[in-house]
Amino acid sequence: MIQPRTQTEAYWGADFALTDTDIEQIYNHFLEVERPQTADEITHMIMAYRVAEEASQVKKKLSGRTIYQPKNSYDVGDKLVFPALQFAHGDVTAVRDGYNPHDGQFKVITVTMDKAPRDFAAALQPDHALNADNGNAVENMLQVDVDELVAKYGDWVKTAVAQELVDRAEFVKLGDVWFVKQLMAEVNTGHLHLAEAVLEMNEGGPLPTEEIVPHLDMDSSLDPSVQHFSLNYHLLEDPRFDEVAPKDEVAWFLNRLEPDEVRKTPERLHYQPIPHDRALLSPQLLLLERELDDEWSALEAPASPQPVVFTLMFPHRHAGVIPLSSRIRPLFPPSNSPRQRVVFIDDQTEEEVIGWAVQEARYIYGLGDWYEKNGIPIGGFVHIHPGPEPGVLSLGFDRRRPQREWIRLATAVDNRIQFELQRRSVGCGFDDLMIVGTDVVAAIDALWRRAESQQRTVSSLLAEIFPKLSELTPQSAVHAKTLYSAINMLRRVPPGPLFAELVRHQAFVPVGDHYWQFDRNRWQDGA
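Residues 28 to 554, numbered by the working numbering, are exactly what the sequence shown covers, in order.
Honestly, the hints are just simulated from the structure, not real lab data. Careful, some of the hints might be misleading.
Subject to a maximum C-alpha distance of 20 angstroms in a straight line, what follows is the list of computed PhoX-like cross-link-like pairs (lysine-lysine) [said to hold, decoys possible]: (1) 106 to 87; (2) 106 to 134; (3) 185 to 200; (4) 88 to 142; (5) 88 to 106; (6) 495 to 508; (7) 200 to 274; (8) 86 to 106; (9) 134 to 98.
Starting from the given sequences, assemble the full structure and let the hints guide the process.
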């Protein structure tokens, strides 16, 4: 069977590239439809064009010629076309008798192609693949299922479209949608001022584009998709506006009316990368690092969103945030803006809590009041589930009847952190190894600022907190998770650098099951 080239993987494969003619077709397509097009729509158009173009070329090659089939007889002067040879064509210049034991009597025709003679069999009666299919070659091309081709090979073409159009000034891209600048609606300074006023009257937003456009007196003769695309393009270019909707949706918010903690990262969440040798971490410590799932640990995220239970730490409780860690990130796919507005629904009270996902700084702000209202301690378990629609999530914690528990409390004495055990009422499930609270947040903040100004090392902070924590246990041993929770009261430290320091420094002695002891005699700051 002779298969058209446009029906083969080789034609559409990884080396596929757009030609200048393709670009012209895309431009003309926009002029014809006069509205934005998705990358998928452009891909379908290009592939349909290529298929139609091939069929047209074949028709031209066949015009006035006979499709060669071995079973037919030909005379000198006949004009033939050969589908099996990429539709090469030539004229019959000689005919002679032929014979072989397998096929018996037949004819041999000489066909001149590009001034070179070639011999072919004719009047050949035995079965032959070309006898069966060549006569239908044109019909096969005209019956190509473009949708099927797109399903098979469209990803390669879509990639080529994106690579080619992105460098061409006449095309504009928003998300996965393309348009031509020449066809965009006029959006001037007055339109943008009106958009700002509309959002301000709606408490900053969020508002979808279709709710803003009616207030702007844009050209009503244009297709609504053109109005929306044009306005979105200019709003994205204006720092007054943030696009805050979940992926594949559009909603706008006034930047100046967003919470301060969204526009500027809370100080407690700042992390300066700490160089450390990861080769020091044993497989067991690497597993513990994954269990803790710190947002600044370089961990691979799950392939799809899954329900997550995380343990609340002091910096997150203090700033009222959820960490965008490897397991939590898939619940908050990036939008067109680095700041994404989300809605949490309390899984018991159905109360709405507005949150802001700040992708670059790796946190979701807006949980402070909810933490406080529900008495969730440092070390408490919080769980998040995918919600009924993008940008909406279910939020909860391990609710239980409050009971008095022995917990670690941090205090400040003589500019140093101290720890003691006290009984406190806790109405939330928690990790006993990580619960480290405080009644003197301002004093702990002062110690944190002091440590920041002095640029304290991880090892020096460990040497300060370790002895006080070890006094709370009979064996004078402290679990690595407890050290991780406590040190983050004084400096933002992910598990990796902390564990590497425990292994590296001889003053920290492992005693099994992730417990460590501190040998004061071996301590030497900076060693």
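Going through the hints against the structure:
no. : hint       : in the structure
1   : 106 to 87  : holds (13 angstroms)
2   : 106 to 134 : holds (17 angstroms)
3   : 185 to 200 : holds (14 angstroms)
4   : 88 to 142  : holds (17 angstroms)
5   : 88 to 106  : holds (11 angstroms)
6   : 495 to 508 : holds (15 angstroms)
7   : 200 to 274 : holds (15 angstroms)
8   : 86 to 106  : holds (15 angstroms)
9   : 134 to 98  : holds (10 angstroms)
No hint from the list above goes unmet by this structure.
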